[in-house]
Amino acid sequence: MKTEVVGSRALREDSWGKVFGQTKFPADVNLPNQIYGVVVRSPHPHARILNINSEEAMKLEGVAVVLTANDVPHNSHGVLFRDQPVIADYVRMVGDPVAVVGGETMEIAREAAERIRVDYEILPAIFDPEEAMKPEVPPLHPELQSTNVLYHLPIRRGSMEEGWAKADVVVEQVYKTQHVDHAFLQPEAVLAYLDERGHMVVQTATQYAHYDRGEIAHALGFRYSQVQVKTLAVGGAFGGREDISLQIIAALLALKTQRPVKMENTREESFYSHSKRHPMTMYYKTGAAKDGKLVAMQAKIIGDAGAYSSWSINVLRKSAVHATGPYEIPNVEIDSFAVFTNNPYTGAMRGFGAAQTVLAYESQMDLLAKKLGISPLEIRLRNCFQVGSITATGQELTSSVPLDQCLAKIAPYFRREVETP
Amino acid sequence: MMVIECIVNDKKYVLEVDPQERLLDVLRNHLGLLGTKEGCGEGECGACTVILDGKTVNSCLVLAGQAHNSVITTIEGVGNRQSPHPVQKAFVEVGAVQCGFCTPGMVLSAKNLLDKNPHPSDEEIGVALSGNLCRCTGYDKILRAVKLAAEEGK
Amino acid sequence: MKKRGIGLGCAWYGTGYGNGFPDVSSAFVEIHDDGSATVLTGAVDVGQGSNSIFAQIAAEELGLRAEDICVNTADTDVTPDSGTSAATRQTYNTGNAVLKAVRQAKSRLLIYAAREFSCPTPEGIELKSGYIGVKGDPSRRMILGDMVFKARLNGERLISAESSTARSTPVDLTTGQGAPYWPYSFGCQAAEVEVDTETGKVKVLKVIAVHDVGKALNPTQVEGQIAGGVTQGIGYALLEELELQKGMIKNPAFSSYLIPTALDVPKIEAYFVEEAEESGPYGAKGLGEPAMLPTVAAVINAIDDAVGVRITSLPATPEKILQALAEKKEELG
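Chains A, B and C supply the protein sequences, listed in that same order.
Quick note on our numbering: the first sequence kicks off at 1 and runs consecutively.
Quick note on our numbering: the second sequence kicks off at 422 and runs consecutively.
Quick note on our numbering: the third sequence kicks off at 576 and runs consecutively.
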């Protein structure tokens, strides 16, 4: 189809405001008479809160309010399950919010936050997902699962026995990936206030305003129609603005004080108030026949969900579905697991479970090519998906599968010798 | 409290400030110049870059007292819609802007480079921008934009 | 000694929420009396540029320029829910919703104009370069705004609300069989690296990235997504790691949690392949996430090509590379 505007290098309208510094990010909006909110976060990975003493904080001039778990009408939020407290009375990770201070200035609020004394009953914590998944380990979320295994997806296709019988070369290897932060440049910030209609208005940077609205309404006991989430310019997201960070807390402060509330994370607070990329351990065994065709693959993928479920089920599902790479393999056995630990919770991040497995399946391809004595390009060309290919989940790829065209475009770079310096 | 005098974007100010206040807060809170962004508060990300006496600085690391008697340029002092600076024009045309949070600092670092060195090499552009983090663009279009701005200045 | 190597990485990515979860985007459109138009949708532009893509789609359908379209998004008092800006779904899914909504809003105008021009069917009417007229007959055309104004005076209302839902079915929980995502995006990248065998440091010199986009709705933005993805991929492969000690983050700062700077990025050559995805707007599919996937593999495979060691845990730090080199030396004895 011939198009004129679509397919053109049309300029982005928003880029002008951004180059002149006019664009408003959430830290750039304020209201008269606003107070500043600061969160007190747990230094312990697993603990029960016995008592919170805010007397010393309240003595400080200019402290408007201190809120704890008891002040939240419906104390939960979460993208798949509402298993995450707005303000915790039971801590599952370092950084869980345990109290919130509202003060006349940011400095006062920060000083008051330091004066809050929290008594914790420290509980045993677990950080290794492979330990945590053992049935005898007490579950972190008994309301969701009787063990720490939040999710297990098996994928079965063909016959492993037949597959291994056909394999002339086999490569077996364990791969590991790390916790990663989104490191978007703009730290979380919120302006929340009750407007002249009595509606709760929350101005923030989010990936999904309508989701935020639902979670704020749920926690505060508002109707959706009485909560307005207005998205200001978003300073990068990459998955890190999927879950709620400060939105509900700011709205709660505004509700309790009937004043506009401004909250702004420092970079350090930002690291503690959004999810992380799942670290994964991936046990891979892949076999190929002499002709370079993949014949069997077995993979066990264990992802660290951390303290809350967030998107972990979807992430580990995506890992499993993509575990073969873009290649036809007739005999496949994949098991992926999402496991709760007391590490920072993990959730969405660009690549979403498929960014980890690519390390494993593409390393396997190079190792197999070496064993077979063919080039890395050749082994991929012999196995890559095409229209009509069937994936490990039995899905037929019915259109637009141009990986072979992509490889053809890149092939010249592999035909020349690498320059030596 | 102390009184400081400084020139910001060609305008003279006499300000009463807490000497321990950061220049970043003076610009944002006293002068309402919100184009200067705070990304890390420790001089690592460059989102709060301003030009102070001809040098780019992280305004989160400069104390208000240190800005006394200085000449400062913030993003609000560089170009406008009627007459954008060549760097700003190039950023828009090349597509060097995505989320835009790093953009003001990037533009100032690039402008200051070209003011001093109108025809920088690729290496010099990279070095000049290495104190400004960007998480969206992969720097590719930003580097191209600065190069284009330099070429158009020829 | 500095040694160079080249590595290849391929990847695929199923876009959308997946697994049968209702993946719906919605859009409202109004065509104004002067022919310009407003698009309202819940989709957040997180910096990737979705607002511009929606403006281009609406402009294309109305024969206007992108700047003639007002795109207002992500205000829950004003805009309909369009799902999250994640899962590489906004260009594809909300793009489809916007396309359907614009076509719906202009459908009454086409009928009206067909009558005005005595054209037998609305299909014979086209909107092009600010005009509305009969296809192939330059003598029968009118400025778009004039026709809209006329139509509205005659009681026509050019507004619409439309939704688009992506295709997906849940996987079986015992066998994993099902069609969880649609469409899938593909891509491959080549990385050329230089490894310093004394220090273990890896420098990525060049990345060639070729991605399948169905149709590039805006090539500048495609290149921007690719370069951004490649750079995040390099950070993931070589630099970034949250250090945890009993659940405590030891490096919650940009001085200790290192992301790539302008000096860490290689020359990036971005190419795309356009094989239309029939279900996408103008054949387009998403690119945001896929752009970073092959980089990790290409870099790790290039390290092996350069110095003959296989790094199996990320990030490939100088320490890990030196250790692997030492082990290899020992093996060779």
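In case anyone wonders, no lab produced these hints; they're calculated from the structure.
Hints are not guaranteed to be accurate.
Pairs of lysine-lysine residues, derived as DSS-like cross-links and limited to a Cα-Cα distance of at most 25 angstroms, are as follows [claimed, not checked]:
| id | chain 1 | residue 1 | chain 2 | residue 2 |
| --- | --- | --- | --- | --- |
| 1 | C | K578 | A | K370 |
| 2 | C | K842 | B | K568 |
| 3 | C | K577 | C | K821 |
A quick note: this is a predicted structure, and the numbers were derived from the prediction, not measured.
These are the hints, each one checked on the structure:
no.: 1; hint: C/K578 to A/K370; result: 19 angstroms, holds
no.: 2; hint: C/K842 to B/K568; result: 14 angstroms, holds
no.: 3; hint: C/K577 to C/K821; result: 38 angstroms, violated
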